[in-house]
Amino acid sequence: MTRHPHVWMGLLLWSVFSQAQAAWTVNMAPGATEVSHAVFDLHMTIFWICVVIGIIVFGAMFWSMIVHRRSTGQVAAKFHESTTVEILWTVVPLLILVAMAIPATKTLINIYDSSESDIDIQVTGYQWKWHYKYLGQDVEFFSNLATPAEQIQNKATKGEHYLLEVDQPLVLPVGAKVRFLVTAADVIHSWWVPAFAVKRDAIPGFVNEAWTRVEKPGIYRGQCAELCGKDHGFMPIVVEVKSKADYETWLGERKEEAAKLKELTSKEWTLEELVARGDKVYHTTCVACHQAEGQGLPPMFPALKGSKIATGPAADHLSIVYHGKPGTAMAAFGKQLSEVDIAAVVTYERNAWGNNKGDMVTPKDVLAIKQAESQ
Amino acid sequence: MSTVIDDHGHAADHAHGPAKGLMRWVLTTNHKDIGTMYLWFSFAMFLLGGSFAMVIRAELFQPGLQIVEPAFFNQMTTMHGLIMVFGAVMPAFVGLANWMIPLMIGAPDMALPRMNNFSFWLLPAAFLLLVSTLFSPGGGPNFGWTFYAPLSTTYAPESVTFFIFAIHLMGISSIMGAINVVATILNLRAPGMTLMKMPLFVWTWLITAFLLIAVMPVLAGCVTMMLMDIHFGTSFFSAAGGGDPVLFQHVFWFFGHPEVYIMILPAFGAVSSIIPTFSRKPLFGYTSMVYATASIAFLSFIVWAHHMFVVGIPLVGELFFMYATLLIAVPTGVKVFNWVSTMWQGSLTFETPMLFAVAFVILFTIGGFSGLMLAIAPADFQYHDTYFVVAHFHYVLVPGAIFGIFASAYYWLPKWTGHMYDETLGKLHFWLSFVGMNMAFFPMHFVGLAGMPRRVPDYNLQFADFNMVSSIGAFMFGATQIFFLFIVIKCIRGGKPAPAKPWDGAEGLEWSIPSPAPYHTFTTPPEVK
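Protein chains in written order, with UniProt numbering: chain A, 1 to 375; chain B, 1 to 529.
No lab work stands behind these hints: they were computed from the structure.
Any given hint could turn out to be false.
[As the list claims (entries may be wrong)] Not the full set, but computed from the structure, chain A residues with beta-carbon under 10 Å of chain B: (1) Ala29; (2) Ile46; (3) Val85; (4) Thr105; (5) Ile111; (6) Leu227; (7) Ala259; (8) Glu263; (9) Ala303.
[What the hints assert, rightly or not] In silico BS3-like links for lysine-lysine, alpha-carbon gap of 25 Å or less: (10) A/Lys133 / A/Lys106; (11) B/Lys529 / A/Lys78; (12) B/Lys501 / A/Lys78; (13) B/Lys197 / A/Lys78; (14) A/Lys177 / A/Lys260; (15) A/Lys242 / A/Lys280; (16) A/Lys177 / A/Lys133; (17) A/Lys242 / A/Lys255; (18) B/Lys529 / B/Lys427.
On a predicted model such as this, the values are computed, not experimentally measured, just so you know.
Glycine included, each C-beta is placed from N, C-alpha and C at the ideal position.
Chain A on its own, in the form it takes in the complex (with noise of 0.2 Å):
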């Protein structure tokens, strides 16, 4: 009954809901993994002993409510009592956890063994999007939401996957042991995707550990699980799954492109190049909180346009876009995006809006900042 229970499960509830079935899952997917395979069966299991109780409670029950009723004539049984059966109801019911808990365990020590694993990846929350490190790869990205703003707003027809898009998915082999060191920049997230069954909180400060085996490549979706404030609903995660040959393909190419990056920091730029770029990285990177017009939501969220940071000396709006604000939602950015996007977005900034400074940051003079901090 274990094999197939999804198949039953489908069965009964079809009858009661026979439309399109797409829109009306009712049930956990089995996953692609083992362990998510492993955590499905637990769960039908669990399911089904709950319903075998739920038929001889209720059963019970609803017997006793249609026939012993008083319009039926029937007349109150004195007894209320019974050592026998209290015991029995007690130890029944003990046995039954024992049984349930035994494969609970093995597959939480499954769950747990993140040893021995083939590649490692450092996942990090921040509000509100993921980024991905390839440890003793030099590959590093961030994943942002890639659903555009008019469908969110309702002016565009929503796609298949509104909300659970990003711009850059995380890219892992096949068939091969990836253990995750889940942390958070900020507050508390938590990185879930359901089709490998694993769910682990990124807590600042901290590194958790989790692992998966993929079996097969797809494309696989999910999104973040703890509450993280404003845009906690708008930080989704995109798992491409390749063949071992494709994905090494991808990893030499976003080696290149890392490579590429260094070289545009020793580029000469100009004004209208780097207000251009700046403005990619602005919507995509600061639009959450400074907001499309640079608007702001204060006072948790202050405005840009014409504000004193933006239109007064361009060292002191630098330092705020590299360090941070500490004790307020502001990150440092200095550690999330590279010279050359700081750069623009700060001079991005100084040039929208009205802000019109016409001055420019070059990322040689966040270089600058970097190597001083480095010294």
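Position chain B against the provided structure of chain A, taking the given hints into account.
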């Protein structure tokens, strides 16, 4: 007591009625007046917290952002939870305790009447403070009713300080109320009312009161550490200063899990009076009910980390909390089996209190089943922080705590008002609540299992249909409660006069006094045989 000298110059049998005007309510030390105020206050909070739930369900009616911004949505989920837990459910049970415990044990009043007045009047102040934060710059608390650090400390709106102070006031009020209950039950029982003769409502409240005294100070410590982190530069919950955000969760849930039982044990007690009454048969297994309640209370202290299965506690800890949590199913099962056995071969009728009590047993058990599923740690990796959890705790709180309160209200309304409520309207209230509640919360199991996280203002299209069903059910349930207000007011203003014992199967001292209960009762203690 009969030897007390009356120095007012009146005849000794001339009982004092209530004082006139507003000051009656401000200065009263009468357990019935205070009980009434608690009940009205909790109902007002129930409607306020409910209206916040309506905002949540309206936003979730369709995918996309329609009605509120995410920042305000988070304030609504937070305030809904806080107000329902601390403003609606807990004060309602304190109100029932105030009214019924003295009547059930044959006491003239609560043991500490002046403190009783103070513990009530702290509540309006606390909630005024809490609700006022919604109008402050930066908005009210937006970090969920569990207020996990550092979202509630470093990243909180400035109003968090008001929230902390409000929690302190509620805590002081609860602790004083609990001390009063313990003092009353242990000292003011009528002669012959031994502990093992007390009605179960009194027993469950006695145990609840000890839980309150044990854990409310823990909550107070928790919010005080937050206050220190926010204003005085400490780092209890910040890793950057050597603290630990997970410490917050341990402390919070050490309070939070017993709190769950604080909200359900008194309902267990009330239902254990109501089911025997309408089954016309004594409660099955009274002694085992008492021991089961005590076991649940004990176990509630050693299961807190099952709320934290995904924070990364070590394997051994994970296993301990899983096993301990599974154990709770045993005494809880005993209770359910006892209720069913009480009904078995009874002579059942289904007046409104019984309808709510039967629905309580069935639906609370469904909530218990999902609780059992959540206790399986590996499976919890999938359930945790999804709508499956939302479905679970609404099944234990709405048809659990709230239906228990409704059942109690209908059961004792004749005693409180001296009138029978309108039975047809009462049944209508039940059926609308029953259908609305199941429609609102049952589909949440499905969307949760399908992968919808909780506390999100927007969702993927695959969850759209069930969310719409949930919202319709929630609107129905919400509107029905205004109808309950109408039924209660109608009952207060008139109706068929209620006899001293309106239910033929009822047992207990509260039915030995006239309806409505006189302002002073049991000034001479009754003899219990």
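Could you check if A/Glu263 really has its C-beta closer than 10 Å to a C-beta on chain B?
Result: violated, 35 Å to nearest chain B Cβ.
Measure nothing beyond the straight line between the CA atoms of B/Lys197 and A/Lys78; if it is 25 Å or shorter, mark the hint as holding.
Distance ~18 Å between B/Lys197 and A/Lys78 Cα, so the pair holds.
With a cut-off of 10 Å, does the beta carbon of A/Thr105 approach a beta carbon of chain B closely enough for the hint to hold?
Where the cut-off is 10 Å and the nearest Cβ of chain B is about 6 Å from A/Thr105, the hint holds.
Does the alpha-carbon distance linking A/Lys177 and A/Lys260 stay inside the 25 Å limit?
Between A/Lys177 and A/Lys260 the Cα gap is close to 30 Å, so the pair fails against 25 Å, i.e. violated.
Interface hint status, A/Val85 versus chain B (Cβ within 10 Å):
holds, 7 Å
Hint validation: A/Ile46 versus chain B, beta carbon distance must be below 10 Å. Holds or violated?
holds, 5 Å
Verify the interface restraint on A/Ala29: the C-beta must sit less than 10 Å from at least one C-beta of chain B.
At 8 Å from the nearest chain B Cβ, A/Ala29 passes the 10 Å test, so the hint holds.
Under the criterion that the straight-line Cα-Cα distance not exceed 25 Å, is the pair A/Lys177, A/Lys133 satisfied?
Roughly 16 Å separates the two Cα atoms, so the pair holds.
Mind checking the CB of A/Ala303 against every CB in chain B and telling me if the closest is under 10 Å?
Given a least distance of 14 Å, the restraint on A/Ala303 is violated.
Can the restraint linking B/Lys501 and A/Lys78 be considered satisfied, given a maximum Cα separation of 25 Å?
Holds, at about 21 Å.
Given A/Ala259 as an interface hint, is the shortest Cβ-Cβ distance to chain B below 10 Å?
A/Ala259 check fails; min Cβ-Cβ to chain B is 33 Å, beyond 10 Å.
Can A/Ile111 be said to touch chain B, with a Cβ gap under 10 Å?
holds, 6 Å
In this structure, the hints that do not hold are numbers 7, 8, 9, 10, 14, 15, 18, in rising order.
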